[in-house]
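Protein chains in written order, with our numbering: chain A, 1 to 294; chain B, 1 to 294; chain C, 1 to 377; chain D, 1 to 377.
Don't read these hints as lab results, they were simulated from the structure. In this text, a Cβ means the ideal position worked out from N, Cα and C, and glycines have one as well. Any given hint could be a false lead.
Said to hold, decoys possible - Quick list of in silico lysine to any residue cross-link-like pairs, SDA-like style, CA-CA up to 20 Å:
no.	chain 1	residue 1	chain 2	residue 2
1	D	K109	A	V283
2	D	K269	A	N192
3	D	K207	D	A356
4	D	K109	A	N192
Stated by the list, open to error - Okay, the calculated bits of chain B under chain D, using three or more residues with CB under 8 Å as the criterion:
no.	region
5	25–32
6	78–91
7	265–273
As the list claims (entries may be wrong) - Some chain B residues close to chain C (C-beta under 8 Å, calculated; not the full set):
no.	residue
8	P144
9	K233
10	P245
11	P246
12	V278
13	R281
If you want the building blocks of each chain, they are given just below.
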Amino acid sequence: MAIFIDNDTRLVVQGITGRDGSFHTRQMMEYGTRVVAGVTPGKGGQRFEGPAGESVPIFDTMDEAVTETGANCSVIYVPPAFAADAILEAADAGVDLVVAITEGIPVLDMARAHAFARDRGVRVLGPNCPGVISPGKSKVGILPAQIVTEGPVGVVSRSGTLTYEAVFQLTHVGIGQTTCVGIGGDPLIGTNFVDCLAAFEADAETGAVVMIGEIGGTDEQEAAAYVQSHLTKPVVGFVAGQTAPPGRRMGHAGAIISGSAGTAEEKIRAFEENGIAVAKRPVDIVGLIQDALA
Amino acid sequence: MAIFIDNDTRLVVQGITGRDGSFHTRQMMEYGTRVVAGVTPGKGGQRFEGPAGESVPIFDTMDEAVTETGANCSVIYVPPAFAADAILEAADAGVDLVVAITEGIPVLDMARAHAFARDRGVRVLGPNCPGVISPGKSKVGILPAQIVTEGPVGVVSRSGTLTYEAVFQLTHVGIGQTTCVGIGGDPLIGTNFVDCLAAFEADAETGAVVMIGEIGGTDEQEAAAYVQSHLTKPVVGFVAGQTAPPGRRMGHAGAIISGSAGTAEEKIRAFEENGIAVAKRPVDIVGLIQDALA
Amino acid sequence: MNIHEYQAKERFRAAGIPVPPGEVARTPDEAESIARGFGGTVVVKAQVHSGGRGKAGGVKLAKTPEEAREHAARILGMQIKGLTVERVLVTPAEDITSEAYVGVLVDRKSQAPTFMVSAEGGVDIEEVAATHPEAIRRLAVDPRYGLLPHQALWLANSLYDDPAVMKRAAKAIGQLYRAFVDSGASMAEINPLITTADGEVKAIDAKMSIDDNELFRRPEVAAMRDTSAEPPSETKAREASLSYVKLDGSVGCCVNGAGLAMATMDLVKFYGGEPANFLDIGGSSNPEKVVAALEIITSDPNVKVILFNIFGGITRCDDVANGIVEATRRIDIKVPIVIRLTGTNEEQALEILERAGFSAFTSMDEVVEKAVALSKA
Amino acid sequence: MNIHEYQAKERFRAAGIPVPPGEVARTPDEAESIARGFGGTVVVKAQVHSGGRGKAGGVKLAKTPEEAREHAARILGMQIKGLTVERVLVTPAEDITSEAYVGVLVDRKSQAPTFMVSAEGGVDIEEVAATHPEAIRRLAVDPRYGLLPHQALWLANSLYDDPAVMKRAAKAIGQLYRAFVDSGASMAEINPLITTADGEVKAIDAKMSIDDNELFRRPEVAAMRDTSAEPPSETKAREASLSYVKLDGSVGCCVNGAGLAMATMDLVKFYGGEPANFLDIGGSSNPEKVVAALEIITSDPNVKVILFNIFGGITRCDDVANGIVEATRRIDIKVPIVIRLTGTNEEQALEILERAGFSAFTSMDEVVEKAVALSKA
């Protein structure tokens with residue numbers, strides 16, 4: 001088992017002919033993701049060539065792509081000006097999960113897009129996220145496949161490379177993962193920590209969870225309360241940004257301490273108060289997970 | 001029993017201090033409707049004097065009115081420019097039924113308002129409708145109370161005075177009504193024939209239904225099909241507008257034959273094909289109902 | 001409210017839709033000089049609020065300015081479906097590669113603005129819908145989001161194969177929605193949307209109906225009303241806040257309520273007469289309104305009898321009776337008036353009317369039979 | 001992107017919000033002449049992207065033009081929270097009857113623009129929220145409908161009892177939402193919204209932050225950026241598409257990924273050092289970007305050591321190593337550079353770096369300890 005994506009995931013890539021889209025589509029196909037279609041308006045009828053000689057049909061619209069191929073998941077590699085509309089198009093076309101990789105989508109566009117997706121019961125992951133990988137099953141997004149391996153740990157994080165760091169170290173000592181999810185660094189994201197924690201709790205193969213937060217907002221605090229009230233599985237936490245000054249945006253659009261809320265201290269305290277083992281340094285995550293799984 | 005409104009209806013009047021609002025509020029109070037509050041922005045804290053010395057509190061906002069009085073129904077007598085917002089405010093404040101009397105609301109405003117109400121599961125009656133009366137129980141709107149009497153017939157109609165005509169004639173020969181509903185003459189209405197037919201079918205006291213349609217749209221056709229498939233009770237129908245020319249608006253914003261759809265002939269044929277007894281003249285409704293109830 | 005092609009084109013242009021140039025002429029001279037200005041072949045198009053202009057000879061190709069003048073002379077003043085042509089639009093002829101239909105209207109069932117597009121343009125979309133509906137692609141626009149870019153592309157995708165043309169058409173479709181919303185329209189249509197040899201898309205015809213209820217907040221749109229395109233009686237009725245539609249019969253009808261007014265017309269027909277009009281005076285017993293209604297009805301020379309049908313509900317019948325009596329005192333009516341009142345305070349009303357010398361009834365059928373008989377007298 | 005009070009006021013005025021007049025002065029002379037133009041008492045207000053201007057002495061009342069000049073002379077050039085005041089806004093003093101707070105920001109939890117209003121204006125809303133939250137009325141705006149008129153009234157209803165004032169405030173609240181959306185803002189605030197003795201409402205302070213992601217489609221808003229209000233290094237970073245935030249420490253950090261960059265800074269602190277900056281170079285191994293990053297970091301005189309921390313995922317470590325080597329060849333760096341790379345093609349990368357004479361590590365902790373040590377050397 002795994003969460004969000006697995007062997008039944010049938011993926012359509014929106015923006016498949018773009019620079020990022022085509023590169024990562026090949027990476028996903030190499031990993032074994034079932035990429036069933038691509039969408040690029042105006043290129044309908046062409047085919048996308050995969051790394052091993054296989055090819056994937058390209059459609060002008062998501063509607064055709066889903067109707068023709070039965071895709072149930074989409075990933076978005078289109079520029080910020082068009083990305084929110086691409087999310088709406090995917091939700092309208094009837095996929096279950098939309099993974100929005102694009103960084104830089106205006107936040108008011110996303111407010112509308114999230115409302116639209118909620119109305120239709122479609123899960124959005126991201127935007128501005130690295131995607132999701134269920135080792136040995138499927139990869140959707142840009143996470144580097146070579147750092148993961150199958151195993152009992154669920155990983156959920158707001159950041160990309162920091163997650164890779166943690167996952168890489170786990171894999172290095174032989175601890176594999178059920179699923180690694182990057183929920184994204186934007187202020188308005190479709191799938192949050194709580195959604196992922198609930199899914200990991202329900203996933204029989206997941207034995208422990210690593211949750212990597214950062215400054216900005218209070219998602220970590222709510223997640224901590226959720227862990228206390230709903231999780232039977234051990235959770236190890238880390239929070240980045242203890243040295244970040246208030247009021248300054250630290251790369252991610254969502255990583256900003258506004259007023260008194262959203263500091264790393266607050267989040268770490270919430271973790272500790274709710275029974276989450278907190279790693280002081282990224283490297284400490286490995287030891288805490290070893291303890292948790294022991 | 002009755003449909004939509006009864007003795008448990010607790011009404012708030014939006015626009016209670018206006019000319020129409022104050023007049024009809026007194027009429028409703030005289031009939032025995034439980035008017036529990038009025039709303040006129042800027043007049044919060046004042047009271048509205050009823051016809052028999054009783055008085056009703058006025059609030060600035062629907063939120064306060066509903067919170068303070070437990071109102072579950074609202075009726076709208078505000079000018080067209082503000083009426084759609086008044087519907088949204090009522091839906092937001094949590095009433096179950098919003099009766100929109102106002103004529104002349106822009107149709108695109110109503111498209112948004114209907115979507116809003118649907119989202120919240122709130123029933124809108126109208127707009128541009130005379131309202132609803134459950135004889136002996138409650139009256140919401142502008143229907144003349146003296147023409148109705150309690151009895152077994154449910155009446156639903158797109159028009160005002162034509163309904164009064166029919167109801168008056170029924171009452172005249174001693175046939176009373178469970179509920180008379182004016183669904184309104186606009187192209188986009190919140191409650192249609194099918195909604196009313198379903199409610200009358202479920203209402204134990206209703207023995208037969210009078211359905212009065214007119215040109216424009218295909219609501220009557222869909223209602224006829226619904227009668228065939230869902231109604232066990234007899235239905236008598238009438239359709240106004242056999243002499244109306246195509247492409248011209250006959251008073252009601254919704255009463256216009258567009259292209260080949262929406263003629264009286266089409267509607268009458270649909271009625272006849274689906275087992276609805278069609279009155280050729282308004283006066284024939286009485287005889288057909290007498291047959292139906294026999 | 002309907003607006004003319006040239007007015008709809010102005011709105012479309014303002015929204016960015018590619019619309020070829022065009023100028024309006026009220027005389028053959030103007031048409032000639034406009035055609036000369038454009039050079040080359042032009043189209044001379046009657047500007048009336050009616051379909052079927054082409055079949056009626058209201059649209060003509062002119063190879064020379066002189067020919068444009070001749071066509072304009074023939075078209076100006078022409079009657080199309082009862083409407084007189086007061087203006088022609090003169091516009092350069094286009095080289096047409098393909099014709100599509102693109103329209104949006106407020107749809108009752110989906111309760112939303114709904115697009116219909118078809119690669120079979122230049123013909124009546126109703127006919128396409130009836131004969132091969134699969135040639136039409138439909139889309140209901142959620143009014144909370146507006147037409148989304150991918151939806152416009154999905155529509156255009158059903159019209160064109162060429163990606164560049166598809167994207168241009170999607171853009172025009174988005175602009176049409178903008179024009180539709182910004183004008184407070186209930187219908188907006190490009191038929192045909194053409195493509196040219198070099199892959200451009202252009203709107204060479206334009207139609208738009210405005211939701212009357214939007215006019216109060218859109219004075220610039222309200223100003224587009226062309227009262228010369230409707231009977232003067234309808235203009236007058238609108239100014240008096242009456243709903244009035246002129247018909248061809250001889251029984252002038254004056255009723256309170258739209259549904260009852262239609263039912264009254266139907267009953268006139270049922271008893272062998274022909275209604276002269278639809279007229280809803282609303283719930284008012286205001287003599288001014290009754291005066292305006294009577295003036296409008298009597299201005300129609302076909303009217304042989306005036307039939308009042310009033311249901312007194314909230315409105316009291318005696319008030320209405322007084323209004324009728326006062327109004328008829330103030331204007332001189334040459335045709336007989338028959339009146340039916342029923343409902344609240346009916347008895348007093350009948351007394352007032354009979355005292356004033358009117359035939360007064362309480363049965364709708366009786367009064368209509370009487371009116372029909374008088375209309376044939 | 002933050003904009004100045006005077007810029008936010010321009011946006012507010014354009015949306016119709018009643019904002020008293022005001023002009024910007026860059027010199028004491030200008031301030032004096034503006035004050036003379038207004039006549040009467042004026043307020044001289046420092047224009048900086050920072051709260052707490054009042055407490056810092058950046059807002060002063062001037063009874064005469066001469067006094068305005070004196071205040072401007074004192075305020076211009078003043079440092080407020082590290083920012084130099086380059087401009088003052090001179091605006092007539094208002095007769096204040098009451099002060100309210102009205103603000104809207106994009107709220108993460110409701111995923112919608114959310115209003116907060118409070119009758120306790122003129123003070124820090126955070127403080128009100130902390131000490132008596134019941135004094136704040138909140139409303140999440142459904143972005144699909146926008147702020148509805150009744151919602152604006154509901155907000156205003158919590159601020160004022162007088163119906164006329166309530167309606168004026170509701171109008172201003174609606175206009176604030178308009179300005180917020182039309183500017184692509186993430187936050188817009190009137191604090192205080194005042195009432196005057198004659199019942200007018202006026203925005204006498206204005207604050208707005210723009211969503212950087214909106215700037216590409218709003219050139220008129222993007223043009224409001226004041227690069228003099230930020231360190232030149234941050235301007236340069238933005239132009240090179242780098243995320244950079246200057247701090248006060250001595251360990252210059254260059255990391256790929258925002259989360260890893262923050263974690264690196266935290267680790268510097270953990271090992272007893274102080275980070276000089278946040279810098280995310282993204283996933284690129286492009287030498288141009290590495291050059292820009294190094295130029296920015298080395299322009300900070302406090303930097304004693306440069307620490308690279310690169311996680312090779314999709315990006316290959318050997319590519320990044322080549323980029324670093326090439327970049328350091330092109331610019332002359334006076335401080336030591338320590339580098340940690342791990343992930344894809346790590347071994348080749350370490351070899352490249354060591355050949356070029358860099359200290360190269362695979363452990364994040366080791367490299368940070370080393371950098372901290374060097375920063376204290």
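Straight-line Cα separation of D:K207 and D:A356 no greater than 20 Å? violated, 50 Å
Outcome, coverage hint (the region 78–91 of chain B, chain D; C-beta under 8 Å; three residues): holds (count 5)
With chain C as the partner, please determine if B:V278 meets the hint condition of a C-beta pair closer than 8 Å. violated, 12 Å
Does B:R281 hold up as a contact with chain C if the rule is Cβ-Cβ below 8 Å? holds, 6 Å
Closest C-beta approach of B:P245 to chain C relative to 8 Å, hint status: It holds, given that the least Cβ distance between B:P245 and chain C is near 7 Å, below 8 Å.
Starting from D:K269, check that the Cα of A:N192 is at most 20 Å away, please. This hinted pair is violated, its Cα atoms lying about 29 Å apart.
Please count how many residues of the region 265–273 of chain B have a CB within 8 Å of a CB from chain D and say whether that reaches 3. n = 0 at 8 Å, threshold three: violated.
A closest beta-carbon separation below 8 Å is what the hint needs, so does B:K233 meet it against chain C? violated, 23 Å
Taking 20 Å as the top limit, are the C-alpha atoms of D:K109 and A:V283 close enough? Violated, because 31 Å separates the two Cα atoms, which is more than 20 Å.
With a cut-off of 8 Å between beta carbons, are at least three residues of the region 25–32 of chain B near chain D? The restraint on the region 25–32 of chain B is violated, since only 0 of its residues have a Cβ under 8 Å from chain D and three are required.
Checking one constraint from the list: CA of D:K109 to CA of A:N192, max 20 Å. Satisfied? holds, 10 Å
Per-residue hint verdict: B:P246, partner chain C, C-beta under 8 Å: violated, 11 Å
The structure fails to meet hints 1, 2, 3, 5, 7, 9, 11 and 12 from the earlier list, while all remaining hints are met.
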